[in-house]
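Here is how the chains run, residue by residue.
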Amino acid sequence: MAQLNMVQAINLALAQEMERDDRVVLLGEDVGRDGGVFRVTEGLQERFGAERVMDTPLAESGIVGAAIGMAAFGLRPVAEIQFLGFAYAAFDQLATHASRLRGRSRGRFTCPLVVRTPYGGGIRAPELHEESSEAFFCHLPGLKVVVPSGPYSAKGLLLAALRDPDPVLFLEPTRLYRMIREEVPEEDYTVPLGTARVAREGSGVTVIAWGSMLERTLKAAKPYDAEIIDLLTLNPLDLETILSSVRKTGRLVIVHEAPLTCGLGAEIAATVAAEAILSLRGPVLRVAAPDVVMPLPKLEDAYLPTAEQIQAALDEVLKY
Amino acid sequence: MAQLNMVQAINLALAQEMERDDRVVLLGEDVGRDGGVFRVTEGLQERFGAERVMDTPLAESGIVGAAIGMAAFGLRPVAEIQFLGFAYAAFDQLATHASRLRGRSRGRFTCPLVVRTPYGGGIRAPELHEESSEAFFCHLPGLKVVVPSGPYSAKGLLLAALRDPDPVLFLEPTRLYRMIREEVPEEDYTVPLGTARVAREGSGVTVIAWGSMLERTLKAAKPYDAEIIDLLTLNPLDLETILSSVRKTGRLVIVHEAPLTCGLGAEIAATVAAEAILSLRGPVLRVAAPDVVMPLPKLEDAYLPTAEQIQAALDEVLKY
Amino acid sequence: MAEETLATFTIRRLAVLDEHGVADEPLLPALSEEELLRLHELMVLARTFDQRALALQREGRLGTYPPITGQEAAQVGSAFALDPTDRVFPSFREMGVHLTLGYPVDRLYQYWAGDERGQRAPEGLEIFPVCVSVGSHIPHAVGAAIAARYRKEEAVAVAYFGDGATSKGDFHEALNLAGVFRLPALFICQNNQWAISVPVKEQTAAVSLAQKALAYGIEGVQVDGNDVLAVYRATREALERARSGGGPTFIECLTYRMEDHTTADDAARYRPPEAVEAWKRKDPISRLERFLTGRELLDDGKIADVHTQAVATIDAAVKAMEAIPPPSPAEMFDYTCANLGRRQVAQRQEA
Amino acid sequence: MAEETLATFTIRRLAVLDEHGVADEPLLPALSEEELLRLHELMVLARTFDQRALALQREGRLGTYPPITGQEAAQVGSAFALDPTDRVFPSFREMGVHLTLGYPVDRLYQYWAGDERGQRAPEGLEIFPVCVSVGSHIPHAVGAAIAARYRKEEAVAVAYFGDGATSKGDFHEALNLAGVFRLPALFICQNNQWAISVPVKEQTAAVSLAQKALAYGIEGVQVDGNDVLAVYRATREALERARSGGGPTFIECLTYRMEDHTTADDAARYRPPEAVEAWKRKDPISRLERFLTGRELLDDGKIADVHTQAVATIDAAVKAMEAIPPPSPAEMFDYTCANLGRRQVAQRQEA
Ligand SMILES: Cc1ncc(C[n+]2csc(CCOP(=O)(O)OP(=O)(O)O)c2C)c(N)n1
Ligand SMILES: Cc1ncc(C[n+]2csc(CCOP(=O)(O)OP(=O)(O)O)c2C)c(N)n1
Ligand SMILES: [Mg+2]
Ligand SMILES: [Mg+2]
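Protein chains in written order, with the working numbering: chain A, 1 to 320; chain B, 321 to 640; chain C, 641 to 991; chain D, 992 to 1342.
FYI, nobody ran anything at the bench for these hints, they're computed from the structure. One or more of the hints may lead you astray.
[As the list claims (entries may be wrong)] With a Cα cut of at most 25 Å, we get these calculated DMTMM-like pairs of lysine to aspartate or glutamate:
1) C:841 x B:366
2) A:219 x A:275
3) D:1143 x B:371
4) D:1293 x D:1313
5) A:298 x D:1074
6) D:1192 x C:906
7) D:1273 x C:906
8) B:568 x A:316
9) D:1271 x C:974
10) C:942 x C:962
11) C:841 x D:1097
12) D:1143 x B:636
13) C:920 x D:994
14) B:618 x C:746
15) D:1271 x C:644
16) C:792 x A:300
17) D:1143 x C:905
18) C:959 x C:936
19) C:841 x D:995
20) C:792 x C:763
21) A:248 x B:636
22) D:1273 x C:644
23) B:618 x C:914
24) A:298 x D:1325
25) A:319 x B:342
26) A:298 x D:1231
27) A:298 x D:1256
28) C:922 x D:1015
29) B:639 x A:316
30) A:219 x D:1050
31) C:841 x B:362
32) B:639 x C:699
33) C:841 x B:595
34) D:1143 x D:1256
35) D:1192 x A:316
36) A:298 x D:994
37) B:618 x C:842
38) B:568 x A:182
Note that the structure is a prediction, hence the values are computed from the model and not measured.
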């Protein structure tokens, strides 16, 4: 088993699935010759040819729209959007079409499409390169949203996404691309969609995070008896894992790097407030970015949730 | 004072503000010669000319994008998107630009823009004509989101929006356009943005709704001792009104016609779970559409929250 | 140096029949007598479908409906040229295309009655669901063409849309992609000269829509959209080009929307009746009838038979449509995705 | 009837100086000697700014940076033609435009160091913030032109963007709107032939970008983008057209990106060094220098002075930029909106 970083793990998953299934075709800006701006698709065009790893014009809506047509007619396209901030231009295609094609055609056409995109902050990049607007996409019935938290889950989730019969938005936490190395099996394995992972067991408080914030949460929560849930799939939520942990601990903190208001943390907190309220001993706290636009690098650290903020929230809920 | 329906109230607000402020310019598909597909802008092109009531080509992103440029250079544009379902194509302009221009230019350019659009279900219309995806837009710091619940609030909120220094998404509940008549003063008045209205006082349970669901909620909750909050502004939330009511009643039901998961109800419930948990006597319930796409007319009634569902939720929370 | 000409472009216009139904013989497409008569039957069927839909809507038996009357030649003529394996991406105003391709008539009505099940194309017909969101379906044709080429299938991907759709970003991104990849795709614009109340002159400053093809380095042509033979001919040519690796074509069918935009619209608010009157004289069905009568393929009696047959077909379809039991709420869930989340499963049970 | 020509279009290409700096005299724009020398100074300043930025980035004193080297003629030549009241909508690779218009040099660096405050244009300069999201700013120019016309202001709205941006839907929607309303707007494309790793030949099948104007019924022209006098001349013409009610123009400046896409890119991965070498011979600065030397307006000594002056300006700007205290977290809130919500007020206090 090799020690891989997340870029390598994703590259491996793509390569192996392309080998296994010739319906898998990649498309996007700079995914071919350049191997992607983060090198995630490096070497794949050489290996599989320009028909399977297609460099496209600069047109996010067109890329996702074309991928929908490909998916409906027998391919398994993987569309790369260069950064999540540029997926806003493809929002209409995702909301109006990818997530609805099965319904609109009453099952005659389906859309087994994966849209991959780097997301999240902490990389000191220009505007729109550090968005973490996952919540927009979790409000689209018919679209799955997935976020790996390390190389192992990246490979397994991506293989699951590539085999899912419906569209999946696969968000890759850019800050983690090369930060973590893990054992990643060469063999075929999937991490099932819709299932969260208990990253650390504990009994005093439940903490839920995903992507790059999981890493930060794990560090910040070290001194606490916290059960830490790595969400992995943001939509549909793994309600069982969440609720049973909260029922056990009676306390909940959610950590995300998106702005607080209407972030995914809201849905998790609301679900708990509806279904596990009697187990709660204190407030459900969300540690999130403030309700402002993600700033440029000079203020990035002031924006992203810090270990101290996570600890302050833990201290607060543990008072009850 | 005249008895007006909401279409007339909005038309009146537009006409009066155009009279008062020659920076106000309308643009959109069919807003001019045709007076809008719902007749909301009827007569305005005749009265104010084609320079101030501009029929545009069919291009939602272009319309909102152009309106941003107009707003930055001294106008107060009102862009109509024909139905909220077609605003997805303008999502990038709203998310990337309208809501960020002040920040990106550090205050040098601002974006006093109103985007008006009919929204919501219950009108037996084709696909994408009955979306209620308000939550997407509430997760955009820098953009205000407003929903009137009747002719009076429609006029007052629209005048407030037209005078706001920042962009406002003004969602018009289509089902109510001609359903309710109310006294609407001829005089100038505003209903302030960011302030909810207690539509009915009560003490047993707080119920929060907006737009077309308010009407349904008021009817359904008649037999209950419910305090009913008409949210009016969806972003920023009037936390004070919400929290002080919940602190009083100890119970909360939220009603919206958008799909449950990641709807705006989640943010309200989460806020209460964080800030008023100790006042809560029971679960916070959300009555919402299921997590599926808004269906065509034949299944519309099976999708939208019903009076019975609202009552069932009230009965449920009142058990505690 | 200096100022020089970088490139020169020409946009062609094609017509076969004049307004009196007289043909430019060398341009007549190779169609048998049966095929010519079939074109006529299909156009009559399309109009009969349409006028019945308007009547049904007035009686509350259909929902909002966008009539096609006046556009039968553009729709029937183009669809008649297609192979059954070709992939069709309609907008919402191409019922003549559906009918020509053999889409079940009752299902078409079922859709316009507000029931998604009407949009499930039968196996053997590669027709995407009607797209109400103007222009956003055009990129799907690009993807379908990529898939066809990749899988070495003969199919051409054909997107239909209106003049208004040409202003949308998705039109642009799609045609540009199709040009870059030289795809087997066909973009058929029904320029009916109106997008609700906006006339095409206010939709774009270009003197034709066909010239928009130049932006993408692809073939573009304008045809008389009320001339079914010209439409057929241009479509065939484009299909042959596509199938032989010559890349995509943009066809502008210049026609006219004879009715209101939809049953929710009142065109009298924004366009003078005279404009419509002038276009009545260019009616695509009478034009073909004059041609066929001139060739003695048709006479008044036969025309009456065609109408009777169309009415019978439509009567039967309406009856069949109205016999379909309403959808169950579980339907909403069953086609959201293959594997519902837990919450959705619970919601489905409650629905 | 029959097949006829509907319309014929021509796309022009304009050049004034050849590669040796020899001018096509009748095409020389009316520029004084001072102005010609000023063009040279500005181009040298732009390059000096750029090369320093690359050095600063390597030292970690700037963030990711997109170099402009090779594109100075296209940027300086066009911006030099503008009035200060004109409204400029830059993409992210037009620092030569900023410098020509007199944007404070330290603020430009400040922005690329990751500080939004660098994007607040000083009063008197109507320059929108740099737009990283490719092409999405083009509609803003349309709106600015509408506002100018409505308010009877003389200003022309000028959007800058790259070849890649022409594939975006927003480019299309914007140019079409500008055409329909015949707006005082100018669309200046820096066709540097690359969009990161994608060459312009794979960006579109059109043989020129200029011809995309035909889709909108507006004027389109290609200019030698490494010829500052041609760019200036074409821009002047377009501005005059705009100001006199003649509507918008699309100008394609054919140039070349001499460096990596940004400091985060490695162009060696996808393009051969020979291509870059060939373009070195077309360097816009040496070309103008040859022209000015030929006219005895410049000599080696004066060129050295210009460089010394540019370096001094840049030195001072870097110093000034690095003396700016870092932004406070409250900044994030203060420019989100004028009236913060309660929650934001609380968050601001905690930040
Ligand atoms: C993206 C989008 N915007 C607006 C609408 C509302 N609308 C429906 S049809 C239409 C006009 C379409 O014009 P055109 O493309 O010419 O097609 P036609 O109706 O003439 O067939 C409009 C504006 C829509 N359905 N989709
Ligand atoms: C909408 C969008 N998609 C993708 C990107 C990532 N990206 C940044 S620059 C660039 C290429 C731009 O090419 P071009 O328009 O030719 O401008 P140039 O970089 O050559 O100046 C890409 C793909 C982006 N910034 N915005
Ligand atoms: Mg039309
Ligand atoms: Mg470029």
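Status of the hints after comparison with the structure:
1. C:841 x B:366: holds (20 Å)
2. A:219 x A:275: violated (29 Å)
3. D:1143 x B:371: Satisfied, since the Cα-Cα distance of roughly 12 Å is no more than 25 Å.
4. D:1293 x D:1313: violated (30 Å)
5. A:298 x D:1074: violated (33 Å)
6. D:1192 x C:906: With a Cα-Cα distance of about 47 Å, the restraint between residue 1192 (chain D) and residue 906 (chain C) is violated, given a limit of 25 Å.
7. D:1273 x C:906: The given pair, whose Cα atoms are some 61 Å apart, is violated under the 25 Å limit.
8. B:568 x A:316: Holds. Residue 568 (chain B) to residue 316 (chain A) sits at ~24 Å (cutoff 25 Å).
9. D:1271 x C:974: Violated: residue 1271 (chain D) and residue 974 (chain C) sit about 62 Å apart, past 25 Å.
10. C:942 x C:962: Roughly 30 Å between the alpha carbons, so the hint for residue 942 (chain C) and residue 962 (chain C) is violated.
11. C:841 x D:1097: Given pair residue 841 (chain C), residue 1097 (chain D) is violated - Cα atoms ~48 Å apart, limit 25 Å.
12. D:1143 x B:636: violated (62 Å)
13. C:920 x D:994: holds (24 Å)
14. B:618 x C:746: Holds: residue 618 (chain B) and residue 746 (chain C) sit about 16 Å apart, inside 25 Å.
15. D:1271 x C:644: Roughly 24 Å separates the two Cα atoms, so the pair holds.
16. C:792 x A:300: violated (49 Å)
17. D:1143 x C:905: Status violated; Cα separation ~36 Å.
18. C:959 x C:936: violated (35 Å)
19. C:841 x D:995: holds (22 Å)
20. C:792 x C:763: The given pair, whose Cα atoms are some 20 Å apart, holds under the 25 Å limit.
21. A:248 x B:636: OK: residue 248 (chain A) and residue 636 (chain B) at ~24 Å, within 25 Å.
22. D:1273 x C:644: Since the Cα atoms of residue 1273 (chain D) and residue 644 (chain C) sit roughly 19 Å apart, the hinted pair holds (cutoff 25 Å).
23. B:618 x C:914: violated (38 Å)
24. A:298 x D:1325: holds (16 Å)
25. A:319 x B:342: violated (57 Å)
26. A:298 x D:1231: violated (42 Å)
27. A:298 x D:1256: OK: residue 298 (chain A) and residue 1256 (chain D) at ~22 Å, within 25 Å.
28. C:922 x D:1015: violated (54 Å)
29. B:639 x A:316: violated (30 Å)
30. A:219 x D:1050: Status violated; Cα separation ~31 Å.
31. C:841 x B:362: Holds, because 22 Å separates the two Cα atoms, which is no more than 25 Å.
32. B:639 x C:699: violated (47 Å)
33. C:841 x B:595: Status violated; Cα separation ~57 Å.
34. D:1143 x D:1256: violated (45 Å)
35. D:1192 x A:316: Given pair residue 1192 (chain D), residue 316 (chain A) is violated - Cα atoms ~59 Å apart, limit 25 Å.
36. A:298 x D:994: violated (63 Å)
37. B:618 x C:842: violated (36 Å)
38. B:568 x A:182: violated (52 Å)
The structure fails to meet hints 2, 4, 5, 6, 7, 9, 10, 11, 12, 16, 17, 18, 23, 25, 26, 28, 29, 30, 32, 33, 34, 35, 36, 37, 38 from the earlier list, while all remaining hints are met.
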